[in-house]
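Visitor: Following the hints, put chain B in place on chain A, whose structure we already have.
Chains as they are written, first to last, in the working numbering: chain A, 1 to 346; chain B, 1001 to 1274.
Rather than coming from a laboratory, the hints here were simulated on the basis of the structure. The C-beta atom is built at its ideal place from N, Cα and C for all residues, glycine as well. Hints are not guaranteed to be accurate.
Partner residues are not named here, just some residues of chain A that face chain B (Cβ under 10 angstroms, in silico) [said to hold, decoys possible]:
(1) Arg53
(2) Glu80
(3) Gln88
(4) Asp89
(5) Leu92
(6) Phe93
(7) Met107
(8) Val108
(9) Ile155
(10) Leu162
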Amino acid sequence: MTNNSSTTAVRFNKVSRYFGEVKAVDQVDLDIQDGEFFSMLGPSGSGKTTCLRMIAGFDRPTAGSIHLYGQDVSNLPPYERNVNTVFQDYALFPHMNVGENIAYGLMVKKVSKEERAKRVDEMLELVQLAGYAGRKPSQLSGGQRQRVALARALINHPKVLLLDEPLGALDLKLRQQMQVELKAIQKRVGITFIFVTHDQEEAITMSDRIAVFSQGGIEQVGSPLEIYEKPASAFVAGFVGTSNLISGEVARRLAGSENTFSLRPEKIHLGATLEASPKDVISVDGVVRDVIYLGLYTRYLVEIEGGIDLVVVEQNLKTTSMDVLSAKGRKVKLSWHRDHINPLGG
Amino acid sequence: MPSNSSDTRPKASWGLKLAALGTLLFLHVPIAIIFLYTLTPDETTYTFPLPGFTLKWFAVAWGREDLWRSLKLSLQVASIATVAALILGTLAAAAVYRSKFFGREAISFLLVLPIALPGIVTGIALRTAIGGMSIPFSFWTIVIGHATFCVVVVYNNVLARFRRTSASMIEASMDLGANSFQTFRHVVLPNIATALLAGGMLAFALSFDEVIVTTFTAGQQTTLPIWIFSQLTRPRDRPVTNVVATFVVLITFIPIFLAQRLSTSSSDTEGGTK
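Next up, chain A with everything else stripped away, as it sits in the complex:
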């Protein structure tokens, strides 16, 4: 998945960051590969932003060390790290125009005027804002400011680009468009992108790999596919998409072990018409407790034997809202393929 899996871009070595009694980041080990689009996903307060700020140098680890391409940077100030950041609020300089904002990194490094102008034009081209150099940030829309922030961060050719929830302030349509564009820009410039987000869909859409954060630690690192299909913990199963978590006596009856397992709602079929050899199919009887019609699909809440509610999602391929709503209270048979049972560790 990565172009060059042999080089480690960023390494966290037992990194902790405490704010007084609060363990914002606790003993995190992590390797991010060169050229990767890597997402740090988690709810607010899970430590993902603190990790990002420690890579940028705005924050220092309480314990442990952070390495950038083999160099220990734990105690270097931000301006001595070959890393740039796109901020959540963009942090554009209001007293400078777009061109001056983008050229800022080159200006403080005393790059010549001609060279600056040339590279600003390249960057404006890259983010599709050619001709906007003379505008002030206050004259731009949210999406345009976002692009300026991106161009300003990329002009220094950093080895790693950090993005702190950069799409959070945009509306849904624009956000989806920027997701595609960010991914395309990352492919073009070939720089390692580290993207912080609380939006699991965003992380799954864009990332090569995702680290799921919870309470200052990493729950799981893996490709979007692995994270979704094989969540390592109940937290990941619940935070990334929705999952049915089944444990105890019911788990023994259905899967042969009392250990908790997770099962995605869309893997469960309503009715016993699963095309697989009978020994691979698990079936259970239940009663439909609730039906939520959502247009593209319908979400059913089905109580199965043992008193547990399972969420089942079916696409509305042939059915209409009338059909699905009348299912409430009906007895149904649920079935799923044995392979879709995902045992959780612990």
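Guide: Below, chain B without anything else, positioned relative to chain A:
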């Protein structure tokens, strides 16, 4: 920026207009009287209408050596107190804004206190302190006295500006490779420049017309306001005092007018970026 939105607002009633006019007259008629009586040939009394018309008091004022000395002293004191206030006020505002430390709120309160305290209290306190340390009263003790309240004006202006400035802007500058000095020069300073100018001009104006604290902290020196004050006991020089007062009004009018223009225009642009 006068907007056309006033067209859509309801018209003010006659009563309100009269009240507004009355207030303006109340505030400015006394100043107009001062202007008027610079032109009177009668030295001691205010008679209306003027018994005649003369410009001789301007010549008399121009020729007064003690007046020039006081003006020069006042300008020097105000300039130095303002420069000190700009440096100390900015540093204090930056410290209170950027770091969280024990007693931060208390320090902020103590910094603002001198402007709320009656001048007479500040004056007595400074006189006792300066006398107690056996420091001779001089030009510098006046500057110190004025700096106590000038710092507050700058501090308040700059702190308000800092609070409206996004904190990530400073991080962005460092992130892009600028060290602390470059960040201050290219990002912080341009953002607080108008606040510094407005605060500085206000501080200058405050120092320039200060009487109470000055009387307690001065030695033999006579600043311009004290000179004017001392003239009250000499009725024969009254028109000269009026000439001086007229000039003081004109001189202070300019920085106040500019400061107001600056703070309104900068708040316009800031509103635009939000």
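Visitor: Hint by hint, note whether the structure agrees.
Guide: Outcome of the hint check:
1. Arg53: At 9 angstroms from the nearest chain B Cβ, Arg53/A passes the 10 angstroms test, so the hint holds.
2. Glu80: This hint holds: Glu80/A lies near chain B, its Cβ roughly 9 angstroms from the closest one there, short of 10 angstroms.
3. Gln88: It holds, given that the least Cβ distance between Gln88/A and chain B is near 8 angstroms, below 10 angstroms.
4. Asp89: Holds, about 6 angstroms.
5. Leu92: Given a least distance of 8 angstroms, the restraint on Leu92/A holds.
6. Phe93: holds (6 angstroms)
7. Met107: Where the cut-off is 10 angstroms and the nearest Cβ of chain B is about 8 angstroms from Met107/A, the hint holds.
8. Val108: holds (4 angstroms)
9. Ile155: It holds, given that the least Cβ distance between Ile155/A and chain B is near 9 angstroms, below 10 angstroms.
10. Leu162: Result: holds, 9 angstroms to nearest chain B Cβ.
Taken one by one, the earlier hints all hold for this structure without exception.
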